[in-house]
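The listed protein sequences correspond, in order, to chains A and B.
Quick note, in full-length UniProt numbering, the first sequence goes up one by one and the last residue is 470.
Quick note, in full-length UniProt numbering, the second sequence goes up one by one and the last residue is 470.
Hint data in this document are derived by calculation from the structure and do not stem from the laboratory.
As the structure is a prediction and not an experimental result, all values here were calculated from the model.
Any given hint could be a false lead.
Treat identical chains as interchangeable: a pair holds within one or across any two.
[Stated by the list, open to error] Straight line, CA to CA, 20 Å or less: simulated EDC-like cross-link-like pairs of lysine to aspartate or glutamate: (1) Lys440 x Glu173; (2) Lys433 x Glu51; (3) Lys433 x Glu4; (4) Lys300 x Glu313; (5) Lys314 x Glu23; (6) Lys102 x Glu124; (7) Lys334 x Glu311; (8) Lys239 x Asp447.
Protein chains: 2
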Amino acid sequence: MTIERFLKDIRQIIKAENRILTEIADRSSYGYDASFGYHLPDLVIQPTAAEEVAAVMKLANQYFIPVYPRGQGTSLSGGPLPVKGGVVLDLSQWNDKLEIDKEDMVAIVSPGVITAKIDAAAREIGFMYPPDPSSSHVSTIGGNLAENAGGPRGLKYGVTKDYVLGLEVVTPEGEIIRTGGRTVKNVTGYDLTKLIVGSEGTLGIITEATLRLVPKPPASQTAMALFEDMVDSGRAISKVLTAGIVPAKMELMDQLSIQAVEAYEPRGLPTDVGALLLIELDGHPVSIAEEMTKVKELCKSVGARTVQVAENEKEAAEFWQARKLVSPAIVRVKPTKISEDATVPRSKIPEMFQRLKEIRETYQIDLVVFGHAGDGNLHPNIIADARDHEEMERVEKAVADIFTAAVELGGTLSGEHGIGTMKAPFMEMELGKAGLDMMKRIKTSWDPNNILNPGKIFPEPGQRLVLRHD
Amino acid sequence: MTIERFLKDIRQIIKAENRILTEIADRSSYGYDASFGYHLPDLVIQPTAAEEVAAVMKLANQYFIPVYPRGQGTSLSGGPLPVKGGVVLDLSQWNDKLEIDKEDMVAIVSPGVITAKIDAAAREIGFMYPPDPSSSHVSTIGGNLAENAGGPRGLKYGVTKDYVLGLEVVTPEGEIIRTGGRTVKNVTGYDLTKLIVGSEGTLGIITEATLRLVPKPPASQTAMALFEDMVDSGRAISKVLTAGIVPAKMELMDQLSIQAVEAYEPRGLPTDVGALLLIELDGHPVSIAEEMTKVKELCKSVGARTVQVAENEKEAAEFWQARKLVSPAIVRVKPTKISEDATVPRSKIPEMFQRLKEIRETYQIDLVVFGHAGDGNLHPNIIADARDHEEMERVEKAVADIFTAAVELGGTLSGEHGIGTMKAPFMEMELGKAGLDMMKRIKTSWDPNNILNPGKIFPEPGQRLVLRHD
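Please build the complete structure, drawing on both the sequences and the hints.
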């Protein structure tokens with residue numbers, strides 16, 4: 001069999017037998033991610049050098065065996081799933097390099113380094129690495145880079161892509177290239193760095209990254225604002241931002257999220273409000289204090305019931321704990337969670353709230369809304385039971401309607417989770433035939449054999465969204 | 001002749017005869033930009049609609065006629081030069097749209113809008129558009145986008161690319177596509193927006209852009225620090241930045257720049273210092289005041305002779321005027337100015353100063369250093385006389401050495417001017433064969449006939465730097 005000949009050749013390159021996993025008990029752990037579906041890979045390799053990755057890609061092209069790079073598998077869009085069989089490249093074990101250069105204000109990291117550790121190392125010398133996906137204590141920087149991960153702090157600080165200065169990348173055909181560099185300004189040729197970041201592992205395998213760090217803000221303060229109606233919270237967001245205040249974070253929880261959290265781990269949140277906003281300001285203490293006064297006024301001016309400012313860091317951490325509990329809380333209601341990240345222009349947030357309400361009613365589904373409301377990046381989550389075929393059919397229709405609503409309101413299918421397998425059928429709706437074709441041309445020119453992470457981003461002919469198990 | 005058949009067909013599409021320039025008197029104005037060389041185009045078209053641009057590109061592919069998009073021609077790297085003959089698309093007349101949406105915090109603009117007008121319109125409602133290339137009062141946003149223009153404010157706020165949310169683009173084969181959108185977060189497929197911005201007009205013609213605006217800082221303050229030795233100024237930059245202070249601007253003038261300005265328009269600057277730094281802080285007044293105290297201490301700790309803080313806006317404007325006069329002042333010394341923008345990691349600034357000093361001595365050239373030192377983006381400018389062949393030969397060698405020094409120090413050929421024609425021969429030195437090949441693959445897959453802005457970025461076989469006229 002091809003895979004056996006491939007394996008024989010690989011053993012000539014990677015001499016550490018314990019980094020080549022062939023047993024089904026080992027491989028089966030690589031069939032999942034945090035999204036949908038199960039796909040058993042034929043083989044798992046744990047490389048720890050760019051030369052090893054390059055050799056794997058050269059052999060993979062020779063034998064026409066698909067390769068899927070993978071970090072910790074926290075992807076919400078199916079990024080690392082080996083949907084066409086073949087080899088999973090587990091990069092999570094390659095975590096030996098985490099260098100901080102204070103003078104250049106950069107971090108140089110191996111792909112398997114846990115994201116939160118980069119931020120922690122930067123903070124030791126007064127800097128920070130801002131991107132903070134919810135999974136940052138588990139996920140690898142390689143996965144974050146492949147998916148261009150976001151997070152609450154994206155509102156003020158931007159997403160992963162905004163902090164990448166340079167990459168070492170193995171191309172689909174096994175060449176080792178370096179993109180960008182160590183300088184904040186670089187216009188030498190096409191921006192391959194920003195093309196590869198967010199390409200979901202379909203254009204190259206990142207083997208090292210140079211990340212930009214920024215000074216840690218001297219202070220921060222958090223407020224919790226309660227609104228009778230979710231639409232009022234949308235107006236508050238708009239009022240604050242157009243007043244020239246850019247909070248570090250501005251997160252929303254709707255009534256169902258609040259109720260789910262209170263049922264899961266009671267924290268004294270009022271379950272009768274329509275929505276709550278958590279607003280974190282950071283910067284100079286004097287500046288924050290002035291901005292917080294304005295934030296309170298603005299929230300009240302659109303009908304906030306109360307605006308409570310955390311008195312200290314401990315209380316602020318408690319406010320944020322409520323937000324963090326939403327995901328674990330809602331899966332207690334039903335076992336299957338479909339987490340979306342459709343994103344709309346800020347001015348369309350109230351309209352999107354309305355559309356989501358209609359979708360909930362039309363399909364009679366459990367739809368919870370929370371997320372990074374400040375940048376229009378909502379997380380409508382549908383809670384269902386995957387074993388219930390009739391319910392899942394309604395869920396499929398609701399998901400399609402959520403995507404349609406986002407695109408119709410001038411937004412996008414995905415703000416931070418990526419396209420992967422599930423959203424691929426909707427790509428043409430947003431990009432048009434010509435737009436999608438220009439992306440495909442890049443993929444084909446870089447990966448003529450379609451060896452690297454096939455089945456992602458680009459829809460197969462006639463592909464439709466299917467959440468029902470066979 | 002092909003061009004005549006092309007012209008006949010174009011007249012069927014663009015009915016306004018005054019937007020098709022065939023006379024040599026008109027065409028000759030399009031043979032130059034702010035860099036080197038003169039190339040007369042066969043035809044100039046001034047489109048004012050994406051459909052017109054698309055039709056031109058379709059015809060150009062049919063007749064195999066090269067097309068060169070152009071804004072105001074302020075490029076310092078030859079971006080708009082019609083080096084292989086053909087058609088210049090002058091987009092500077094297409095300036096009818098400049099919409100500001102306060103709620104979404106975006107500006108929607110036509111390609112011919114002057115960059116400074118976008119910032120002015122944003123400031124009217126309390127926002128700003130940060131990118132500020134020196135040419136911003138003359139250059140078009142289309143040109144800025146094509147070249148990913150920088151500017152002094154890049155230190156704190158980033159460059160053009162960091163403010164582009166979405167584009168309307170005509171592909172090299174004449175399809176109209178939309179990339180990105182109106183949301184700050186978007187991970188739907190490959191990031192074509194950031195690929196096209198900075199691609200120097202070789203991957204598409206930008207016909208509309210959606211730009212992100214940010215709140216205008218409430219206050220700013222400027223200081224001028226004088227140093228006996230340029231290397232000390234480099235140490236001051238490092239001290240300030242690693243202390244967690246990110247100035248809005250941090251600009252350097254070396255002794256020769258100061259002397260040139262004083263000879264051109266005396267402003268009372270001390271001509272005996274090795275270098276001066278202009279440092280602008282912006283933000284909350286209390287925060288600025290505290291930071292300015294620290295900046296003064298830090299500059300003095302590395303041997304600054306004096307640090308003078310501007311007492312009011314008028315005085316600050318006078319400080320900045322000195323910096324703005326460098327370019328006009330130095331061309332008074334000799335008529336030919338070769339403006340480079342080699343960029344190094346911040347920690348290598350003192351070493352780069354040393355290398356530039358050696359290059360000046362080795363080749364006995366007039367080399368002036370100024371620029372955006374805070375982000376390592378120096379502007380070594382060589383002043384010469386293009387009619388002096390012997391001198392120009394030395395200049396060619398010096399330029400090659402500047403590029404080599406930048407790359408050897410872990411930097412890049414270009415921080416903000418682009419590659420164009422002049423730096424193309426040095427691309428492989430920085431990117432390697434494989435890295436350059438991956439860029440070429442994208443170009444070929446998008447523009448199989450090499451119709452759109454040929455002769456830029458990618459070196460011709462055996463191409464060398466030539467600054468001498470024939």
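Evaluation of the provided hints:
1. Within a single copy, Lys440 and Glu173 get their C-alpha atoms as close as 17 Å, and across copies as close as 15 Å, so both meet the 20 Å cut-off.
2. Taking the closest pair of Cα atoms, Lys433 and Glu51 come within 20 Å of each other only across two copies (17 Å); inside a single copy the shortest separation is 38 Å, beyond that limit.
3. Taking identical chains as interchangeable, the C-alpha atoms of Lys433 and Glu4 are never at most 20 Å apart, the minima being 40 Å within one chain and 33 Å between chains.
4. Proximity of Lys300 and Glu313 under a CA criterion of 20 Å is satisfied in neither setting, with 24 Å inside one chain copy and 36 Å between copies.
5. Proximity of Lys314 and Glu23 under a CA criterion of 20 Å is satisfied in neither setting, with 47 Å inside one chain copy and 74 Å between copies.
6. For a Cα distance limit of 20 Å, the shortest separation of Lys102 from Glu124 inside one copy, 11 Å, qualifies, whereas the shortest one across copies, 38 Å, does not.
7. For the homomeric pair Lys334 and Glu311, neither the shortest alpha-carbon distance inside one copy (36 Å) nor that between copies (65 Å) is at most 20 Å.
8. Taking identical chains as interchangeable, the C-alpha atoms of Lys239 and Asp447 are never at most 20 Å apart, the minima being 47 Å within one chain and 45 Å between chains.
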